[in-house]
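Novice: Model the placement of chain U on the given structure of chain S, informed by the hints.
Number of protein chains: 2
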Amino acid sequence: MASKWKSATTPTHCSNQKDGPLTDHVTRAADILKGHRESIDRLDAILVYTLGERFKHTQAVGKLKAEHDLPPSDPAREANQIARLEDLASRADLDPEFAKNFLNFIITEVIHHHKKHQE
Amino acid sequence: MASKWKSATTPTHCSNQKDGPLTDHVTRAADILKGHRESIDRLDAILVYTLGERFKHTQAVGKLKAEHDLPPSDPAREANQIARLEDLASRADLDPEFAKNFLNFIITEVIHHHKKHQE
Numbered sequence: 024m025a026s027k028w029k030s031a032t033t034p035t036h037c038s039n040q041k042d043g044p045l046t047d048h049v050t051r052a053a054d055i056l057k058g059h060r061e062s063i064d065r066l067d068a069i070l071v072y073t074l075g076e077r078f079k080h081t082q083a084v085g086k087l088k089a090e091h092d093l094p095p096s097d098p099a100r101e102a103n104q105i106a107r108l109e110d111l112a113s114r115a116d117l118d119p120e121f122a123k124n125f126l127n128f129i130i131t132e133v134i135h136h137h138k139k140h141q142e
Numbered sequence: 024m025a026s027k028w029k030s031a032t033t034p035t036h037c038s039n040q041k042d043g044p045l046t047d048h049v050t051r052a053a054d055i056l057k058g059h060r061e062s063i064d065r066l067d068a069i070l071v072y073t074l075g076e077r078f079k080h081t082q083a084v085g086k087l088k089a090e091h092d093l094p095p096s097d098p099a100r101e102a103n104q105i106a107r108l109e110d111l112a113s114r115a116d117l118d119p120e121f122a123k124n125f126l127n128f129i130i131t132e133v134i135h136h137h138k139k140h141q142e
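Residue numbers (the working numbering), protein chains in the order written: chain S, 24 to 142; chain U, 24 to 142.
Isolated chain S (complex conformation) (with noise of 0.2 Å):
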């Protein structure tokens, strides 16, 4: 008798609330998601318009090169920002590949700039 009282009230997963509690959780998941999208959305402009002002200045360079017949790239200042980028990236608790993989794709997308301003 006692077992039987016993096992017909022990919670077993989400059987004695139809779907409440499964529903709280999915909730309160969808509300910690928004909340980080949310973040990325803002830090993304950020991102931006930093991506904006920091071309400005490879354009002021990109020009400045040009007038100067300087080559489009310049591989030991390029070394200088990849080591300067990985220890930033260490203090940040960025994944040094990833900081290694985003400044070469900015390089590369200055260079091909430059290039286009040079011909």
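Don't read these hints as lab results, they were simulated from the structure. What you are looking at is a predicted structure, and each value in this text was computed from that prediction instead of being measured. Do not rely on the hints blindly, as some may be mistaken.
What the hints assert, rightly or not - Pairs of lysine to aspartate or glutamate residues, derived as EDC-like cross-links and limited to a Cα-Cα distance of at most 16 Å, are as follows:
id	chain 1	residue 1	chain 2	residue 2
1	U	K123	S	D64
2	U	K79	S	D97
3	S	K123	U	E101
4	U	K138	U	D64
5	U	K79	S	D64
6	U	K79	S	D118
7	U	K123	S	D54
8	U	K86	U	D97
9	S	K123	S	D110
10	S	K79	U	D67
11	S	K123	U	E132
12	S	K88	U	D54
13	S	K138	S	E90
14	S	K57	U	D97
15	S	K79	U	D64
16	U	K79	S	D67
17	U	K123	S	D67
18	U	K88	S	D54
19	U	K123	U	E109
20	S	K123	U	D67
21	S	K79	U	D118
22	S	K79	U	E61
23	U	K86	S	E132
24	U	K79	S	E101
25	S	K79	U	D116
26	U	K57	S	E132
27	S	K138	S	D97
28	S	K57	U	D116
29	U	K57	S	D97
30	U	K123	U	D110
31	S	K138	S	D92
32	S	K86	U	E109
Specialist: Same frame as chain S, now just chain U:
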């Protein structure tokens, strides 16, 4: 006579002062280049720390998606982000093509990380 005197003093390109003006010109250009590079380095620090912060959020999203068996990629959200980024890019006077390539690069890296999380 007068014409000879005139021709002797008519300034020709850097003829009357060894290579002084040319050196000044190069020095000035080098200073300007240095200033731009210092700004670029500071902006790169902003980018790395912002990417570090962004990554913390995408890692949390990846964990949440893995816990709820959601697919790592979310095409509707990504289309939304691309459209938003294009709008931000035009406000920041950033080449929208570059902004699009940039977001695609980030999304690809993030999905790659989410997939690693779900494996």
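Novice: Give a verdict on every hint.
Specialist: Hints, one by one, checked against the model:
Distance check on the hinted pair: U/K123 and S/D64 sit about 15 Å apart at the alpha-carbon level, within 16 Å; holds. Restraint check: the Cα-Cα separation between U/K79 and S/D97 comes to about 33 Å, which exceeds 16 Å; the hinted pair is violated. As the CA atoms of S/K123 and U/E101 are separated by approximately 23 Å, the hinted pair breaks the 16 Å bound. For the given pair, U/K138 sits about 32 Å from U/D64 by alpha-carbon distance, which is inconsistent with the 16 Å threshold.
Of the pairs offered as hints, the one joining U/K79 and S/D64 holds, with about 13 Å between alpha carbons and a cut-off of 16 Å not exceeded. Restraint check for U/K79 and S/D118: the C-alpha separation of about 11 Å stays at or below 16 Å, so the hint holds. Between U/K123 and S/D54 the alpha-carbon distance is near 28 Å, which puts this suggested pair outside the 16 Å criterion. The straight-line distance between the Cα atoms of U/K86 and U/D97 is roughly 14 Å, inside the 16 Å bound, and the hint therefore holds.
A hinted pair counts as satisfied when its Cα atoms are at most 16 Å apart, and S/K123 with S/D110 qualifies at roughly 11 Å. Under the criterion of a C-alpha separation no larger than 16 Å, the hint pairing S/K79 with U/D67 is consistent with the structure, at around 13 Å. Among the hinted pairs, S/K123 with U/E132 is consistent with the structure: their alpha-carbon atoms are about 12 Å apart, no more than 16 Å. As the CA atoms of S/K88 and U/D54 are separated by approximately 13 Å, the hinted pair is consistent with the 16 Å bound.
Distance check on the hinted pair: S/K138 and S/E90 sit about 13 Å apart at the alpha-carbon level, within 16 Å; holds. The suggested pairing of S/K57 with U/D97 holds, with an alpha-carbon distance near 13 Å, which does not exceed 16 Å. For the suggested pair S/K79 and U/D64, the alpha carbons sit about 13 Å apart, so the restraint of at most 16 Å is met. With a C-alpha separation of about 13 Å, the suggested pairing of U/K79 with S/D67 holds against the 16 Å cut-off.
At roughly 12 Å between alpha-carbon atoms, U/K123 and S/D67 fall within 16 Å of each other, so this suggested pair holds. Distance hint between U/K88 and S/D54 is fulfilled; the C-alpha atoms sit about 13 Å from each other, no more than 16 Å. Of the pairs offered as hints, the one joining U/K123 and U/E109 holds, with about 7 Å between alpha carbons and a cut-off of 16 Å not exceeded. Annotation: proposed proximity of S/K123 to U/D67 holds, straight-line Cα distance about 12 Å (limit 16 Å).
Taken as a hint, the S/K79 and U/D118 pair is honoured in the structure, with Cα atoms around 11 Å apart against an allowance of 16 Å. Proposed proximity of S/K79 and U/E61 is supported: the alpha carbons are some 13 Å apart, at most 16 Å. A distance of roughly 32 Å separates the Cα atoms of U/K86 and S/E132; the hinted pair therefore is violated under the 16 Å criterion. This hinted pair does not check out: U/K79 and S/E101 have alpha carbons roughly 27 Å apart, beyond 16 Å.
Distance restraint check for S/K79 and U/D116: the Cα-Cα separation of roughly 9 Å lies within the 16 Å cut-off, and the hinted pair is therefore satisfied. This hinted pair does not check out: U/K57 and S/E132 have alpha carbons roughly 21 Å apart, beyond 16 Å. At roughly 13 Å between alpha-carbon atoms, S/K138 and S/D97 fall within 16 Å of each other, so this suggested pair holds. This hinted pair does not check out: S/K57 and U/D116 have alpha carbons roughly 29 Å apart, beyond 16 Å.
At most 16 Å may separate the alpha-carbon atoms for a hinted pair to count; U/K57 and S/D97 meet this at roughly 13 Å. Restraint check for U/K123 and U/D110: satisfied, since their Cα atoms lie roughly 11 Å apart, inside the 16 Å limit. Our distance criterion of 16 Å between C-alpha atoms is met by S/K138 and S/D92, whose separation comes to about 12 Å. Annotation: proposed proximity of S/K86 to U/E109 is violated, straight-line Cα distance about 25 Å (limit 16 Å).
Hints 2, 3, 4, 7, 23, 24, 26, 28 and 32 from the list above are not met by this structure, while the remaining hints are.
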